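Asks: Taking the hints into account, I'd like the entire structure generated from these sequences.
So the sequences go chain by chain: E and V.
First residue of the first sequence? That's 58 in my numbering, and the numbers climb one at a time after it.
First residue of the second sequence? That's 58 in my numbering, and the numbers climb one at a time after it.
Hint data in this document are derived by calculation from the structure and do not stem from the laboratory.
Only a predicted model underlies this, so the values are computations on that prediction, with no experimental measurement involved.
Given that identical chains are not distinguished, each listed pair holds provided it fits within a single copy or across any two copies.
Computed list of lysine-lysine pairs in BS3-like fashion (alpha-carbon distance at most 25 Å, straight line):
{"no.": "1", "residue 1": "83", "residue 2": "154"}
{"no.": "2", "residue 1": "156", "residue 2": "85"}
{"no.": "3", "residue 1": "123", "residue 2": "85"}
{"no.": "4", "residue 1": "152", "residue 2": "83"}
{"no.": "5", "residue 1": "83", "residue 2": "114"}
{"no.": "6", "residue 1": "88", "residue 2": "114"}
{"no.": "7", "residue 1": "152", "residue 2": "88"}
{"no.": "8", "residue 1": "152", "residue 2": "85"}
{"no.": "9", "residue 1": "156", "residue 2": "83"}
{"no.": "10", "residue 1": "123", "residue 2": "92"}
{"no.": "11", "residue 1": "88", "residue 2": "123"}
{"no.": "12", "residue 1": "154", "residue 2": "85"}
{"no.": "13", "residue 1": "85", "residue 2": "153"}
{"no.": "14", "residue 1": "107", "residue 2": "88"}
{"no.": "15", "residue 1": "152", "residue 2": "123"}
{"no.": "16", "residue 1": "153", "residue 2": "83"}
{"no.": "17", "residue 1": "92", "residue 2": "114"}
There are 2 protein chains.
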Amino acid sequence: MPSQLESAMDALICVFYNYSGNEGDKYKLNKGELKQLLNSELTDFLMSQKDPMLVEKIMNDLDSNKDNELDFNEFVVLVSALTVACNDFFQEQHKKKAK
Amino acid sequence: MPSQLESAMDALICVFYNYSGNEGDKYKLNKGELKQLLNSELTDFLMSQKDPMLVEKIMNDLDSNKDNELDFNEFVVLVSALTVACNDFFQEQHKKKAK
Numbered sequence: 058m059p060s061q062l063e064s065a066m067d068a069l070i071c072v073f074y075n076y077s078g079n080e081g082d083k084y085k086l087n088k089g090e091l092k093q094l095l096n097s098e099l100t101d102f103l104m105s106q107k108d109p110m111l112v113e114k115i116m117n118d119l120d121s122n123k124d125n126e127l128d129f130n131e132f133v134v135l136v137s138a139l140t141v142a143c144n145d146f147f148q149e150q151h152k153k154k155a156k
Numbered sequence: 058m059p060s061q062l063e064s065a066m067d068a069l070i071c072v073f074y075n076y077s078g079n080e081g082d083k084y085k086l087n088k089g090e091l092k093q094l095l096n097s098e099l100t101d102f103l104m105s106q107k108d109p110m111l112v113e114k115i116m117n118d119l120d121s122n123k124d125n126e127l128d129f130n131e132f133v134v135l136v137s138a139l140t141v142a143c144n145d146f147f148q149e150q151h152k153k154k155a156k
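Replies: Dropping the structure here:
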């Protein structure tokens with residue numbers, strides 16, 4: 058049986074291909090596929106953001122090779138940044154409570 | 058209910074604190090805690106590596122602020138690198154099969 062960490066790593070890979078396979082290059086997320094992924098997988102995060110250009114901005118920020126698509130490596134940068142931000146938030150809350 | 062991606066992000070945070078809380082600074086992994094984490098969570102990866110200095114090398118490589126401990130941000134760099142390596146491997150296998 059895979060460990061909790063192995064399952065999480067596996068899930069990151071599965072989520073990416075669930076959306077990248079929809080159209081065009083199946084190993085990359087285009088803007089529409091990224092939008093679908095964010096809408097379905099990060100609904101609360103997206104709802105908390107009021108910026109209508111958010112998907113465009115995320116794409117521009119992460120698309121390091123400027124091909125207007127995100128490959129898996131670029132996607133992992135997004136997930137890492139969001140996870141670190143979540144952790145910072147929870148750690149801050151926890152430290153406040155502990156005082 | 059959290060999405061698959063949210064669950065995976067949550068699992069990364071949980072795994073880290075399951076081990077970082079064992080001794081010393083509970084927000085950081087020391088060398089012993091890192092070794093426990095790798096042994097329990099990435100058994101197959103660790104078994105495939107023959108280098109007895111592996112844990113020391115991982116610690117040195119990731120410990121960007123040189124405090125001899127890994128904080129969550131440094132841990133995410135390890136998980137990202139391993140996930141990208143897994144993905145590269147599977148993508149390569151998949152492309153070979155498709156030929």
